[in-house]
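S.K.: Residue numbers (my numbering), protein chains in the order written: chain Z, 1 to 809; chain A, 810 to 917.
Please keep in mind that the hints were generated in silico from the structure rather than gathered at the bench.
Ideal Cβ placement from N, Cα and C applies to all residues, glycine included.
Misleading hints may appear alongside valid ones.
[Said to hold, decoys possible] Derived lysine-lysine pairs resembling PhoX-like cross-links, with alpha carbons at most 25 Å apart:
id, chain 1, residue 1, chain 2, residue 2
1, Z, K566, A, K871
2, Z, K75, Z, K121
3, A, K830, Z, K663
[What the hints assert, rightly or not] If you want the footprint, here are the derived chain A segments under chain Z, 3+ residues with CB under 8 Å:
id, region
4, 841–850
5, 892–900
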Amino acid sequence: MNRRRAYSNIDDDEGGGDSMYGRRKRRRVSDNQEIEDRLESLILRVSEKSTSSLESNLEGLVSVLEVDLGTYRNKILRMLTDCAINMPEKCTIYTTLVGLLNAKNYNFGGEFVDHMVKTFKDSLKSCKWDAARYLLRFLADLVNCHVISAASLLTLLDNMVDAANEDSVPQVRRDWYVFAVLSTLPWVGRDLYEKKESALENLLIRIEVFLNKRTKKHHNALRVWSVDAPHPQEEYLDCLWAQIRKLRQDNWSEKHIPRPYLAFDSVLCEALQHNLPVIHPPPHHESYQYPMPWVVYRMFDYTDCPDGPILPGAHSIERFLIEEHLHWIIEVHHWERKDAAAHLLDFPYKSKIPLEYCIVEVIFAELFHMPTPRYLEICYGSILIELCKLQPSTMPQVLAQATEILFMRIDSMNTSCFDRFVNWFSYHLSNFQFRWSWDDWDSCLLLEEEHPRPKFIQEVLLKCLRLSYFQRIKEIMPETYAKLLPSEPNPTYKYTSEGAAALPGTTTAHKLVVAIRGRCTPEDMLNELKDLPNPRETSENDMTESAFNPLKIDVFVQTLLNLGSKSFSHTFAAVSKFHYVFKQLAESEEAQICILRNVFELWHNHQQMLVVIVDKLLKIQIVECSAVATWIFSKEMVGEFTKMYLWEILHLTIHKMNKYVTKLSNELTEAKEKLAKATESSSSDSEEETPGNPRRKKHGDGADKPTEEAVERMEEKLEAGYVDQKRLFLIIFQRFIMILSEHLVKCDTDGRDYDTDWYRWTIGRLQQVFLVHHEQVQKYSSTLESLLFTSDLDPHILDVFHQFVALRS
Amino acid sequence: LSLYRDQHFKGSRHEQEKLLKLSTTLYIGNLSFYSTEEQIHELFSRCGDVRRIVMGLDKFKKTPCGFCFVEYYARADAESAMRYIGGTRLDDRIVRVDWDAGFIEGRQ
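With the hints as extra help, turn the sequences into a complete structure.
M.R.: Structure below.
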């Protein structure tokens with residue numbers, strides 16, 4: 001194919017040959033720009049589906065680029081490097097292209113390699129780990145295209161394994177270097193094996209030595225299931241190592257990677273090769289963040305998908321390549337769920353694999369990823385809905401099968417994943433008329449209520465209730481499931497119930513109702529409450545002035561919220577109107593906890609209401625985060641302790657605290673920068689004062705320049721924020737340690753098994769606090785270690801802490 | 810941005826576009842008349858912290874009439890709701906999600 005045909009092909013594809021010509025006539029100046037755009041479009045689209053073969057497209061493109069190498073060399077270098085980083089799934093297509101260009105123009109090949117090497121080094125320095133890995137893979141694949149010599153690539157890989165053997169650097173850094181090397185071997189292993197067998201063997205031995213020495217303390221924290229049956233939850237490097245070993249056994253031949261360069265063997269083998277320069281990985285710096293380790297998610301094997309093509313085994317390299325590719329598609333399209341679903345279903349090797357199973361496994365792998373999923377949970381839920389819509393004949397069945405598997409293995413599922421499973425399943429059901437064959441799960445009705453299976457159904461129904469209404473949930477469930485149904489979400493107002501006359505606050509409560517209906521002011525309200533006796537003052541400490549009056553809080557909170565019980569809006573309006581009264585009553589932490597207790601007493605049948613009221617009280621600063629934490633672990637809440645909503649409340653409280661500290665710290669940084677800039681510009685004042693630019697000057701040291709005192713105040717505020725944050729975490733962890741220790745000691749003295757359902761939920765929740773907020777908790781690791789997680793603690797509890805520390809070490 | 814525009818918006822089209830690009834408020838349409846604030850809150854808080862929900866009310870009967878406004882604290886959360894909730898179901902109805910220039914009292 002000659003250059004002309006290649007050009008005209010593109011024009012036809014765009015259906016706009018004429019318009020392009022027209023544009024050129026109008027704006028001659030942008031000629032260069034236009035050719036650059038056209039080159040870009042040619043390069044980007046060479047791999048797309050077209051009527052001619054990929055080989056002829058590549059040939060055509062090579063002849064086009066060859067002509068333009070003189071004028072547009074830099075542009076072409078940059079574009080090809082960008083393709084290497086941004087389209088890793090098309091790696092071999094672009095390496096072939098570079099190979100063909102190198103065969104025609106040796107100098108260009110050399111420049112390209114230099115450019116790639118420079119970009120590779122830059123991405124290592126700026127911690128762009130994925131980009132670095134894709135660039136390394138590209139360099140490796142260029143060995144297959146006779147652009148780079150096998151020996152010089154081996155030197156590079158050797159240097160990277162050296163980096164993995166450095167002492168006194170975080171293991172996550174060393175891990176990454178080994179991961180990068182191992183994950184290039186599917187591409188280049190065969191060539192290295194043919195040309196440099198002993199050097200390759202040597203490299204692998206060094207990697208094996210490294211892997212054997214590695215600590216895997218983090219492994220248990222990141223597993224979705226705690227047991228290894230039926231599928232082991234492997235640590236990612238161990239798994240990749242097993243896959244590479246199997247690849248080596250198979251003489252380095254794999255069946256997944258398309259290799260267009262094979263068709264050009266005769267051209268390429270005559271090309272001259274370049275040697276990579278010696279590359280030393282940049283040394284570790286304390287500001288560097290490395291990827292966290294992970295555990296490979298497995299829920300299917302070939303027996304789960306009986307019809308059609310066979311699912312590659314857990315240790316076949318194809319499984320790794322397919323999964324990596326599917327994850328990549330989600331990364332690129334996660335923002336457009338319809339595109340994501342369409343591209344997943346249009347996977348290029350779909351005829352060779354049971355695609356639906358691979359997709360579902362990869363999506364659940366992301367949803368259950370520890371410590372947190374890459375994207376919002378609802379992102380995965382909405383992609384699954386699209387997949388069901390696009391492939392209604394197969395997808396819903398595979399998804400139902402997956403749900404069944406997840407439910408059957410729920411006994412050993414970690415608590416964070418349990419929550420995500422509940423959230424996803426209820427959301428999914430709400431999009432499909434809540435249809436599910438519940439009868440299949442009948443057997444779980446015989447289990448203890450705290451067992452994960454009945455618990456799962458209970459929590460799912462509670463979430464379904466929030467997305468629909470009570471009557472509907474009652475109707476969708478078989479009668480046998482009655483004991484798992486949520487209660488009707490109504491308030492329980494004691495001052496109108498039977499026997500209310502005997503309660504001490506009833507008269508006042510009734511007066512309050514009249515007053516609120518009569519639109520009384522907050523001051524009137526306080527007046528009404530004034531005469532209530534304080535039950536605490538009957539005891540000896542009647543002189544203490546700070547003693548709050550729990551009866552006042554009781555009557556006020558329950559009556560007000562009951563009157564506002566019609567909707568969230570009514571409740572919020574009531575709380576805002578009487579904000580002043582709340583503020584007066586919530587004088588101490590004890591009083592704040594008393595408020596929370598009364599909210600609970602009124603709304604214990606409406607979990608969602610509890611969540612939004614606590615959220616509101618935190619936002620308008622009636623209660624503090626620490627009060628909420630103390631309340632959650634209080635005696636009154638023991639019965640609620642294993643329910644999901646309580647942890648929803650705890651995590652929203654922690655989030656609120658974290659967000660507040662982050663906000664303060666950002667504001668401080670910004671103010672400091674402004675201050676520094678303002679000082680700088682005022683010192684060079686006179687020079688900058690040009691008549692054409694008066695506004696900019698004013699902006700520089702005008703209204704938004706903070707004073708030094710203001711910055712100091714912000715620093716103090718941030719410090720105070722850190723203190724509060726630390727205190728919050730200390731309270732939470734201390735309470736966990738207390739109740740868990742108590743349980744363990746008691747079981748020990750009674751000679752009972754400690755490993756009860758309650759224990760598993762509780763230890764799971766402790767783990768969840770560490771993992772969900774790991775970035776913030778990390779700041780206090782050493783404090784936690786010296787104050788709470790000391791060596792005399794029960795090893796079961798201490799282990800959770802050590803796993804958490806291992807995530808970044 | 811989509812084609813939906815508030816018909817009663819006071820100000821030029823350009824001003825409206827500008828507000829829409831900064832807005833953290835969404836117009837939610839095609840709801841069931843029986844859908845409650847609670848249900849909407851549950852669904853939309855899956856994309857982020859919801860600042861408030863204003864139910865659309867019938868001018869005369871003062872009952873819900875199939876639309877509402879959801880306001881977030883952060884623009885990014887509202888964008889996620891556009892992406893992930895628009896076109897999915899609540900109470901078996903496909904909800905419509907559009908940008909809104911911000912709720913002003915009386916638009917119910």
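S.K.: Could you tell me which of the hints above the structure violates, numbers in ascending order?
M.R.: Violated hints: none; all satisfied.
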